[in-house]
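A.B. asks: Keeping their order, the protein sequence lines are chains D, A and S. So the mapping is simple: our numbering equals the position in the first sequence, first residue as 1, plus 867. So the mapping is simple: our numbering equals the position in the second sequence, first residue as 1, plus 867. So the mapping is simple: our numbering equals the position in the third sequence, first residue as 1, plus 867.
Hints are all accurate, no fakes.
No copy is singled out in the list; a pair is fine if it fits within one copy or between any two copies.
With a straight-line Cα cutoff of 20 Å, these simulated EDC-like cross-link-like pairs (lysine to aspartate or glutamate) come out:
#1 1254 x 947
#2 1151 x 922
#3 1122 x 1142
#4 1242 x 871
#5 1122 x 1149
To be clear, the hints were calculated from the coordinates, so they are not data collected in a lab.
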Amino acid sequence: MLHDSLAQQLYAEICKITLIDPHSHINPHAAASKSLDDILNYHYYTELAHSAGMDQTPLAKDVEPRQRVKAILSHMGRIDNTVQYSWFLEIARTFLGYQGERLTARDCDWLCDTADKLMAQPDWEDQVLKKSNIEKVFLTNDFDDPLEGFDTKRYVPCLRTDDLVFKLHEPAVRERLAKATGTEVIAEALPKLFQHFTSKGARACAISLPPDFSPTAAQGKDSPAGVFWTLAEHCREFKLPFDLMIGVNRRVYEKGVYQGQDLFDQRTSLIQYQELFNAFPDVKFCISVLSSAQNQELVSYSWIFPNVFTSGHWWYSNIPVYIQNDLRGRLQAVPKTKQIGYYSDMYKLEFGLPKFNMYRRILAQVLADDFIRTKTYTETEALQLAKLLLRGNVERIFGVQ
Amino acid sequence: MLHDSLAQQLYAEICKITLIDPHSHINPHAAASKSLDDILNYHYYTELAHSAGMDQTPLAKDVEPRQRVKAILSHMGRIDNTVQYSWFLEIARTFLGYQGERLTARDCDWLCDTADKLMAQPDWEDQVLKKSNIEKVFLTNDFDDPLEGFDTKRYVPCLRTDDLVFKLHEPAVRERLAKATGTEVIAEALPKLFQHFTSKGARACAISLPPDFSPTAAQGKDSPAGVFWTLAEHCREFKLPFDLMIGVNRRVYEKGVYQGQDLFDQRTSLIQYQELFNAFPDVKFCISVLSSAQNQELVSYSWIFPNVFTSGHWWYSNIPVYIQNDLRGRLQAVPKTKQIGYYSDMYKLEFGLPKFNMYRRILAQVLADDFIRTKTYTETEALQLAKLLLRGNVERIFGVQ
Amino acid sequence: MLHDSLAQQLYAEICKITLIDPHSHINPHAAASKSLDDILNYHYYTELAHSAGMDQTPLAKDVEPRQRVKAILSHMGRIDNTVQYSWFLEIARTFLGYQGERLTARDCDWLCDTADKLMAQPDWEDQVLKKSNIEKVFLTNDFDDPLEGFDTKRYVPCLRTDDLVFKLHEPAVRERLAKATGTEVIAEALPKLFQHFTSKGARACAISLPPDFSPTAAQGKDSPAGVFWTLAEHCREFKLPFDLMIGVNRRVYEKGVYQGQDLFDQRTSLIQYQELFNAFPDVKFCISVLSSAQNQELVSYSWIFPNVFTSGHWWYSNIPVYIQNDLRGRLQAVPKTKQIGYYSDMYKLEFGLPKFNMYRRILAQVLADDFIRTKTYTETEALQLAKLLLRGNVERIFGVQ
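With the hints as extra help, turn the sequences into a complete structure.
C.D. replies: If you want it as C-alpha cells, here you go:
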C-alpha cells in the first residue's frame, strides 16, 4: 500500500495502462492455476518455506496437494515479512476474496475450496487476465516446442536457447534438435528453428547466462560461446531482440527445492559482452541483471551502447529496495525509449497482478518524488513515461502490435 | 534523533526489549571502562583522529592517559560529522551527564574527572548494562582462554578460531594449543577445545576471513582451509553455530594505529562458500559481510540456504546509510526467523547503548515506512518482528535461555 | 527543484558559497561557449542522442553547426527523463532566458540566435562565472602545455599524466616530451615538467586509470606502473596532490561518438593501491571512483588512510541517486576535512552552474535529513560543513589561496 497521496493517485492511473508482459514462463496450455497447489508450488514459496525450516517431504509428487499446501501455509508465519508473502496475500485477496489479515495453516481448507471452485470456471483464465489488465504475455519456449494449440497473439512465443548453448554436447539435446528440425547438421538446424519460431510470431530469443560467461567471435563453433555467437547472428538475420539474463549460477544449493538451487556471484561485469555489443549493432540486447551493483553498469552501458536496453528487475533483484534504487538510476540516466520497465517472470497467470502492482507502486513513488515534485515532469508527462516503460517500449522494441 | 513521530514511538517501544548482544570483544574481567581513556582508545577514534591528521605519538603506552584523551578530543572538530563521533557524544551524555553540544579539548578535564568518579563505583558495570537494557553479552575468546573467574551466564563464551586457522604454522600458537589441551596432536587438541568451551557454556564458534578465502573439503588438513573445514566438522558435532565474518584483509595500512590497519576488497563472493554450505546442512552459519553489494548476495544466499543466517552490520558496513539499505533488503526477502539483527562488536560495555540505539532508530524508521505505512504489519506485529531481530532469534539460533 | 522547505532554505544559503572547481577540462583560451553547438557538443548529449537512435552523420566536422544542434535537439524527446537533459534545460533557462517547458527541435533557431548574440558579448565569460558563483577553475593540462596566455589565478593548471603513463612507448609522445623539456632522457624530463607546472601555479597532478591498474614499486621503470610510481615520487617532492580517477576502460564501444566510448568494469578494488598508499604517506591522493560499490571502499579507505581523500562524483556516478548514497556514506564515516565535495568535469563554463546546482540540491537535502533533523548539527553548523566540502577543503588540500 502506498501512503503518499500523490503516489496513490499516480498508481491508480498507472494501473489503467493495459500491459504486455515481456517475459514469463507461462505454459499457454495451462496458463492459469487450477488449484492453490499451483500457486504455492511457485519456487519462491517452496524455497522460502524450506529455507525457514520446512523439510522437503511435502514437496514430493505423491503427496496429496492439500497436504503440501497446508505444510507451506504452516510456515508462512516465518516469512510473512517478505515481499513474496505479500504477493500471495494479494492473490488470496484479489482472486479468492480472502478477507483475513494473516494467512496461516488454518486458512488451508477455505483457500483450497474457494480456489477449486473459482478456478474451475471455464473463463477463469480470461478473468485473471482482465483483472490484471494484461493483454499479452511473452512465453519462454523450449527450442522444440511445436508452438501449436494456443493463441500466439495472446501468448507470444520466444525462443529459449539455454539448452542449445549449454547442453548441445548432450545426446538427448542433439536428438531433440534433430527431431525438431529434421537435420543433424547444426548449421542447418539453427536457422530452421528461427524460421519455425518467427513463422509462429516469436518476438524474442532469450537465454540465462552464468556470471563468468564471456563470449567472443574467436571461440570454437561448438563451444557454448560459439553457439551463442551463432545465435546472435541469427537474431540479426531474423530481426529478433536477444534477451540476456546475466549472472545466474545453476545448482549452487545442490539439495535445494526444484528451481530453488540457483544463486549468483556478484563478481561479473558487462565488459564481458563488449565484443558482442560491438559486433552486433543491429541486434537489440535486452539485459537483465541480478545485483544492484551490476545495475549501475547496466545503466552506463545502456546510456552508451545504442543496442543495449535495460530490462525489468530480475529474481534476486526483484525486491522493492533494489527495484527502487535500480529504477531511479535508469530513469535518471538512460534514454526513456530504451527501458523495458518490468516483466512478471511468472509460471501461473495469477502472479502477474501482484508482481506488476509491486512495480507500479514503486514506479508511482519514484515518479512522484524524482519527477513531479522536482518539477521535471507534469503529472501527464510522468504518466506518459510510465506508459512507455510498461507498454510503449515493449511494443516498439519487440515489434508487437 | 528521529524526527518522524511514528518512528519515535516505535523506537521507544523497541528500547524496552531486553537485549542479548550476540557478538562483542568484551573482556569479562574488565568489561566496563575505568576512565575516558578506555573509551577513546576504541580504534574507531584513534583511527579517525589519525586519519584526520593526528600523529601517533599520543597513542604510545607511556603517554599519560589524560594527554592522549586531550589529543583525540582536540581532533574531534574534524570528525564531528561522523556516526562514530555521535556514539561518543551519546556516551558522554547518557553515562557522564555531559550537557554541551559539541565536544572539544576544552571538555577534557571535566569529562575525565567525571568518568574517573563515576566509573570507580563498584556497581558501574551493572549500571551500564541496566541503562543499556542488555542482559547477556557474547564474548570472542582466544582458544586458550581458561574461561574462569566470570559469570558465563552474563558473558557468554565463544570460541574465536582465527589463530587456529591462519597461524597454526607458528610455533607460538602450537605451543599455546598444546598447553591449553595437553596434547601436541592437533586432531586430538581441537575436540578438547570444543569440549572445554561447550562445558563452559560457549554458544558459538567465530572467525574473520579474508576476501579470497574459499574453503573446500579437498584442501590439505594443515592448510588454513583444511583446519577451517575441521572446525566446521566440530561445530556440527558440538552443535555450535559458526559465525563467519567475511571480507577483511589484515594490515593493509601497515603503519596504521592498533586495530586500524584492516580494510576490504569488494571483489569477494559467497559463492566461495558454496561447498561449505552444502557439506554442513546441520551447522548454522551466521554470516557478516563488509559491503552493501555483498549484502545483496547474503540476502539471496540466506533466502535459499536453510543454514545461512544474516548477522548484524559489521564494521565498514556499520554506518547508517548502509545499515538502512542492507536491513531493508533482508526484511523484504529473508525469512524473519533467520535474521540476527545487530551486535555491538564492542570492546567496552559503554558502547552497547549508542550502537544499539543507532540500529534501533534505523529499524524503527524502516518498520514505520516499509511495514506499518504500507499496511504490511500492525504496530504490534512490527514490534514482534523487532523482538525477533533483537532477542528471539538470538535465543533460538544460539540456544540461549 | 527541491520541494522540502528546510532543504530549499539550505540550498539558497549553500549557493552563496563562492566555489573553487577542483577539476575540469576547460580550455582557458576558450573557456566559455561561443554558440549552442559548443554546449550540445558535450559528449553527454552526443552519446545520449546516439544511444537513443541518432546516427553519427550530424556529428561530422563539416556539418553546419546549426544542423547538428537541430539533430541533437530533435532527439531530446527521448532523453528528457535524464539528469543530463536537466542540465541543458537549466543552462537554457539561466543563461539564455528560455521560458518554455520542454526543449525540442522547434526551439533550435531561437536558442541558436540567442546564444550567438549573448555569447558574443566580450564579458560573457565573466558573466557566466559570476552567475555561477565560481571564482577559480582547475584545468587538466597536457604535459606539454606551455601554460601561457591566461590568468593562472583564475584557471589553475594541473598536470594531466595519462599520456606519460600509458603512451610513453609511442614515438609521438616521446617527441612531445623531448620538445617540451629539451631532453630525451625521461629521468630528466619528468622533473622538468613538474618544475614547469609548479612554476606556473599548478596545484595538482591528475590521471585516469583502468580498473585493472595495480601499481607497485617493483614494476619496470618504463612500464605504465613504473612511470606512475615515478610520478608519485615527484608529487611527493613537489608537494602536489595526486588526483586518481579510478576505473575507466577506454574504447569499449569502438564506434561510439567522440568521448562516448568509455565504460567501466565494476570488478576493481582500492586494495590495488595498497602499496602506493603505504609508500607515499606525504602525498595526498584525491580519489574519484565510478561505482557506488567502490564508493563504499573509498569511504573505508579514506577513514583509515590519512593520505586518502574522497573527491567528487565522477561520470557514471554523477547521477542523483548515486551521488545521494555516496555522499551519505562519506558524510557519515569520513573526517569532514578529507572530503572534496564536487567538481564540474566540464569542458565549457556554462556547465558549472547546473552541475554544481544538482550537487548543492542533493547536499542540502542530505544535510536537512541526516544532520539537522537528527539534531546532529544546527543549521549554521550544517552550512559550515557545506562550506568545507565546496571550498575550504579545496583551499587547504590543494593549497589555493
